[in-house]
Structures are given as C-alpha cells and as structure tokens.
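Undergrad: Top line first, the protein sequences correspond to chains Y and B. Residue numbers for the first sequence follow this note's numbering, so the first one is 1 and each next one is one higher. Residue numbers for the second sequence follow this note's numbering, so the first one is 1 and each next one is one higher.
Rather than coming from a laboratory, the hints here were simulated on the basis of the structure. Just to be clear, a hint being listed does not mean it is correct.
Note that the list lumps identical chains together, so a pair holds whenever it fits in one copy or between two copies.
Within a straight-line C-alpha distance of at most 30 Å, the following computed DSS-like cross-link-like pairs (lysine-lysine) qualify [said to hold, decoys possible]:
#1 92 with 190
#2 99 with 194
#3 190 with 99
#4 190 with 17
#5 153 with 111
#6 111 with 194
#7 99 with 153
#8 17 with 101
#9 190 with 111
#10 17 with 194
#11 190 with 168
#12 153 with 17
#13 194 with 101
#14 17 with 168
#15 92 with 167
#16 153 with 101
#17 190 with 167
#18 153 with 194
It should be emphasised that the depicted structure is a prediction, and the values quoted were computed from it without experimental measurement.
Number of protein chains: 2
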Amino acid sequence: MEERLRRQLDFALEIDKEKNIFRQTHLSGHGRRENDAEHAWHMAVMAYLLREYANEEIDIARVMLLCLIHDIVEIESGDTYAYDEESVRTQKQREDAAKEKIYSLLPDDQKREFVSLFDEFEENRTAEARFAHAMDNLQPLILNDSNHGGDWKEHGVSAGQVYGRHKKTREGSERLYEAADEIIRENIRKGNLKE
Amino acid sequence: MEERLRRQLDFALEIDKEKNIFRQTHLSGHGRRENDAEHAWHMAVMAYLLREYANEEIDIARVMLLCLIHDIVEIESGDTYAYDEESVRTQKQREDAAKEKIYSLLPDDQKREFVSLFDEFEENRTAEARFAHAMDNLQPLILNDSNHGGDWKEHGVSAGQVYGRHKKTREGSERLYEAADEIIRENIRKGNLKE
Numbered sequence: 001m002e003e004r005l006r007r008q009l010d011f012a013l014e015i016d017k018e019k020n021i022f023r024q025t026h027l028s029g030h031g032r033r034e035n036d037a038e039h040a041w042h043m044a045v046m047a048y049l050l051r052e053y054a055n056e057e058i059d060i061a062r063v064m065l066l067c068l069i070h071d072i073v074e075i076e077s078g079d080t081y082a083y084d085e086e087s088v089r090t091q092k093q094r095e096d097a098a099k100e101k102i103y104s105l106l107p108d109d110q111k112r113e114f115v116s117l118f119d120e121f122e123e124n125r126t127a128e129a130r131f132a133h134a135m136d137n138l139q140p141l142i143l144n145d146s147n148h149g150g151d152w153k154e155h156g157v158s159a160g161q162v163y164g165r166h167k168k169t170r171e172g173s174e175r176l177y178e179a180a181d182e183i184i185r186e187n188i189r190k191g192n193l194k195e
Numbered sequence: 001m002e003e004r005l006r007r008q009l010d011f012a013l014e015i016d017k018e019k020n021i022f023r024q025t026h027l028s029g030h031g032r033r034e035n036d037a038e039h040a041w042h043m044a045v046m047a048y049l050l051r052e053y054a055n056e057e058i059d060i061a062r063v064m065l066l067c068l069i070h071d072i073v074e075i076e077s078g079d080t081y082a083y084d085e086e087s088v089r090t091q092k093q094r095e096d097a098a099k100e101k102i103y104s105l106l107p108d109d110q111k112r113e114f115v116s117l118f119d120e121f122e123e124n125r126t127a128e129a130r131f132a133h134a135m136d137n138l139q140p141l142i143l144n145d146s147n148h149g150g151d152w153k154e155h156g157v158s159a160g161q162v163y164g165r166h167k168k169t170r171e172g173s174e175r176l177y178e179a180a181d182e183i184i185r186e187n188i189r190k191g192n193l194k195e
C-alpha cells in the first residue's frame, strides 16, 4: 500500500478513539453519557435538517464537515465542559497542541486542510462556523430538555450561564435561538434550571 | 413554536436513539461494540478523507449525507449483521416499514427528501451511493483488522463471505478495494480469518 493511503487509513483508525471521549450530556431517556463521535454525528444531521433557519447563506457541506471534525482534537486534549470555567480557560492551549499532534498523521495537504477546518470552527468567523456552533449548542439543549434538565442540575448550571452560551446560537440562527429561548424559559418555569 | 420546527426538533430528538443501536463490530483497542451513530460518523469522515479514490466523480456532500442517515431506520428495525443470512433476508421488509414510521415525524417535504436519500443508498445505483457503500464496508474492516479479526472469529465468518461483501467496495473504489484485499489477505495469512 502506498504511503499516502497508509497514512490516511492510520488517521481513520486513530479517530476511532473519539468514541471513547465522553461528554457531560446524557442521552435522551435518561441514558448514559454521550460521546464526541455521537455528538458530532447528531450535529451534522441536525445541520442538514435545520439548514433553512441559518441567518446567512451557507455551504451545507462545509457546515456538516465542521460539525463532524470539530471535536477530533479531544482525543488528545479531552472534553471541555462548556460550564467548567477553569477547563475553558486552558482549552485553547490544550487543543492547539492536540491539533498539531493528531493532524500530523495525515499527508501534508490534508493536514493543512483539516487544521484549517478546525480553526474555522474555533474562530467562528464564517457563516458556516456560526451555524455549526448553533448546532453545538442546540443539540445538547434538546437532550437535556428531554431529561428534565438533569445535566444542569448535576452541575448547578444557571439560566444565565445557559443564555451566555446561546449567544452563539443567535449568531448562527435567530429563529433557532428563539426556539432555544422558549425551551430554556420552559425549563426555568418547571424548576429544571435555576434563574 | 410553529408546527414545522416542532416536528423537525421532534425528529432530531427521536434519532438520538440511534446511539443505542449496537452493531457486531467492536471499537479498536478491543473495545465495546460500536453503535450506529458512531459508525455513521466514522463513515462520513472517512468519505471526505478518502474522496480522491472514488471511481467516479462524486458530490461529496451527498455521500456524507448518505453515510450519516443510512442507518436511521434501524431505530425501528434493529441492526442487521451483514453475515447473518436469515436477518439479511428479512431486512428490506423490516426497513421499509421502519422508514415509513420514522420519517413520518418530519414535515412532508423533508420526509420525501430523507426517504429518497435512504432509497438512494439502498438501491446503490448512483456514484454517491456506491462510494458510501465502500465506506460502509471499509470502516468495520479497519476496526476488525486492528482487533486481529475478533469479530470474524466470534461469528465464524470466512474469507469468502468477506470478499462477497467487498464486491460493493470495488464498485465504489477500485483503489480502496485493493487496499481492502491487502488487509483481508494479511488476516488470512495470520489466521485471523478462515479461508
């Protein structure tokens, strides 16, 4: 097998480990914790399903790609819980080192391409990155809503923190932000989320 | 929230159940069994990574979509192990009923669209479906290879059966079929797969 394909298949095998990186979010039906690969799959399908609500014109293929690859670095750096301030503070440094390590498995042209996609998501400056971020927030919201706010209760998360996170949802989609707001208010009303 | 968005979010929540549909394939590192959502994610990333090897010109966005949604019906119908002949015989009937049920959650236009994507994958008549099928075969092959053929041994699968399945890999990509053939021959040589 030639070197190029061998490196691509080595990378394909390496990213299998993303299925062992667990998040704080639990699956619907009060299930087990979700892993990064499942989360990325769910985001990508939701992006396609909900693309009509993007604030701006988007290339849906690139949105799906951003969703699919945005957490690969966590194989090296671990998951960062959005409401863990200390972990969020060190996130960029940890992920930059992880990014260099994992994408170096790829042939150089593809390393550049995947690093560029990862950076695009992180920098959040394109319409596609903004819509992908909306999915990154909306996806755990609907799971947590279905579980009566169990993840918020477990971590003592407040409505203010949730609204802080959903500022990015609004940058990607006003309409989906309104839906998120409706879901958040309902959870406050039910006592699932503290004000 | 208007009816259309409500139905889309209900569907988004329903497909969360795909994370509980487990396959016969085990994760690398002799891990637990893989679920359908993880498998679909892995296929979609691999499709993008390996798109240069497709036999025909492909719309990579549609390939990724086919990968992402091809197993959603299994929420209703359950997983069908590729080497379980009895299960394969009843697969189409079970999946057709499942398809009608699950996609009826969507607004009509999106039901038609998702059913059409599912049918495209199943009928395997487009370049995109053929490349997606190549991923559907190659992805478990690299996991099983990394685990010294554990899944084949567990189910008494023969090289003939594996080659039978990989006919579809060849229809999507001659080059990736050659790589698969190299991997299969190596596993026969090592005694991981019976001739």
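Undergrad: Each of the hints needs a verdict: does it hold here or not?
TA: Okay, the hints, checked on the actual structure:
no. : hint         : verdict
1   : 92 with 190  : neither (36 Å within a copy, 44 Å between copies)
2   : 99 with 194  : neither (36 Å within a copy, 40 Å between copies)
3   : 190 with 99  : neither (41 Å within a copy, 35 Å between copies)
4   : 190 with 17  : between (38 Å within a copy, 25 Å between copies)
5   : 153 with 111 : neither (40 Å within a copy, 36 Å between copies)
6   : 111 with 194 : neither (44 Å within a copy, 38 Å between copies)
7   : 99 with 153  : neither (32 Å within a copy, 36 Å between copies)
8   : 17 with 101  : within (14 Å within a copy, 33 Å between copies)
9   : 190 with 111 : neither (47 Å within a copy, 33 Å between copies)
10  : 17 with 194  : between (35 Å within a copy, 28 Å between copies)
11  : 190 with 168 : within (25 Å within a copy, 52 Å between copies)
12  : 153 with 17  : both (29 Å within a copy, 23 Å between copies)
13  : 194 with 101 : neither (40 Å within a copy, 37 Å between copies)
14  : 17 with 168  : both (28 Å within a copy, 27 Å between copies)
15  : 92 with 167  : within (20 Å within a copy, 45 Å between copies)
16  : 153 with 101 : neither (36 Å within a copy, 34 Å between copies)
17  : 190 with 167 : within (23 Å within a copy, 55 Å between copies)
18  : 153 with 194 : within (8 Å within a copy, 53 Å between copies)
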